[in-house]
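Under the numbering used here, the residue at position 257 of the sequence shown is numbered 257, and the numbers go up by one with no gaps.
Hints are computed from structural coordinates only; laboratory data are not their basis. For every residue, glycine included, the Cβ atom is placed at its ideal position computed from N, Cα and C. Watch out, some of these pointers could steer you wrong.
[What the hints assert, rightly or not] Restraint-style ranges between C-beta atoms, simulated for each label pair: (1) Ala-83 to Thr-260: 44 to 54 Å; (2) Arg-149 to Glu-256: 50 to 60 Å; (3) Ser-43 to Ser-403: 38 to 48 Å; (4) Gly-180 to Asp-427: 23 to 33 Å; (5) Ile-421 to Asn-207: 22 to 32 Å.
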Amino acid sequence: MPSTKCAALLGAVALPFLAAAVPTAPAPAAAAAPRAECAPVPSAGSYPTWEKLPKQTTIPDPWLPLAYTTTDSEGGDSPTFAADVMAGKGKNRIQTPEEWYQCRQPELLQMLQEYQYGYYPDHSQETVKATRSGNTVSIEVTAGGKTGRFSATLALPSTKPAPVVINIGGMSNQPYLAAGIAVVGFDYTSVAADSNAKTGAFWSIYNGRDIGLVKRKRKNEDVARVYGAKQKTGVLTAWAWGFHRVLDALNATVPEIDSTRVGVTGCSRLGKAALAAGLLDERITLTMPMSSGVQGLGPYRYHGLSGQDETLENSKSGAGWWTDSTLGTFVNHAENLPYDAHTIAAAIAPRALVIDQGTGDAFTNSKGTAVIVYPAAKLVYDWLGVPDQIAMSVRGGGHCDMSGFNSVLPFAQKILLNQTITKDYNDLGSYGSPMTTAYPWATAVPQAA
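Input sequences plus hints: build the corresponding full structure.
Printed below as a string of structure tokens:
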């Protein structure tokens, strides 16, 4: 291909999770619908500690706001409080999809940053400069007088403009290119080291700075910045930021790519990062976490169903830098977390999510993801009216087996290319049926009036 050189300077844009939803997503609420009165949300750094949260031995009710989950809320001193919360009998649950989008989804985005990811930087304060030379895009991000630099590599199909899958750690490129999907990769270690080292483009800008919080109170309302958050941003969030800045650069310099059809993927710890990337940027059409495990789509509860019994405790001990320090305070108290992996998945709706797990994965809890996390999250997708936007890919093979990318490809073609597919992504294979005892609130899914 002939050498192509171009440069573009991108002005600051809205915080990623405030961006307009992708065109294929249904409108969350009718324009004339009255606004719900949302539950109160704690300020950054002031969330309830594990001592103020009930021990939930089953995965938490996604429709129950945090304010009515704490033991100091009304009825919290009742001997049946924890059982009621787990069974979907908590007070003031979300009742309609409109209330979900107006209240619960913004609450979850903030709560997950508080408890797990650390806070995402305010992109409105950043300037992104992108320069393309052939199949390399150089990216320069400046904020607060500091600059971080990294690059991405393009692999383009013959048909253009094409949807794109952005990946870290490598993937099976050729089947995607043959299907008409571009593949873009970047070196995640040049964005943030997989350690406490605080090196890479992200930390060149944000090391030592209080990132704080950009808070959305209601959909389409203005945002207010809240400083003073004590939590430190985790490396998964830094890598997610890298995905988003690559997308900014592609928008500016690669007209061969259709930036309204975007997938993100990675495997293992990089699958956790891809999940964070999809969660925190509504421009992402399809999130594709592969073998992601705990701190991804592996459950904190029921962690011993398969694999090496990956837990919050051993994952935090092995790589505490992936997530924020607040999550570490729940070590030995994971059942007090007011969320689990299904909550992260549900917060992505109505956008598409496909989950990869291998039955031979010796490291992650593939069975727990397949029989608990996926069906629990799907109940929310079903309730929101987008049942076909979530999929579970159970395959043979082990951890980060490249066959996983082939296994999820038909779903990617469905979402990114609008193709009709025949593969049944509700088939849990040898794992059999959903483990409904892990989410007893399934019998109490809210029924809109």
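C-beta pair Ala-83, Thr-260: status relative to the range 44 to 54 Å that was hinted:
45 Å, holds
Outcome of range test on Cβ distance (Arg-149, Glu-256; 50 to 60 Å):
23 Å, violated
State, for the Cβ atoms of Gly-180 and Asp-427, whether the hinted interval 23 to 33 Å holds or is violated.
26 Å, holds
Could you tell me whether the CB distance from Ser-43 to Ser-403 stays inside 38 to 48 Å?
Hint holds: Cβ distance 46 Å, inside 38 to 48 Å.
Quick check: does the Cβ-Cβ distance between Ile-421 and Asn-207 fall within 22 to 32 Å?
45 Å, violated
Hint compliance for this structure: hints 2 and 5 are not met, and every other hint is.
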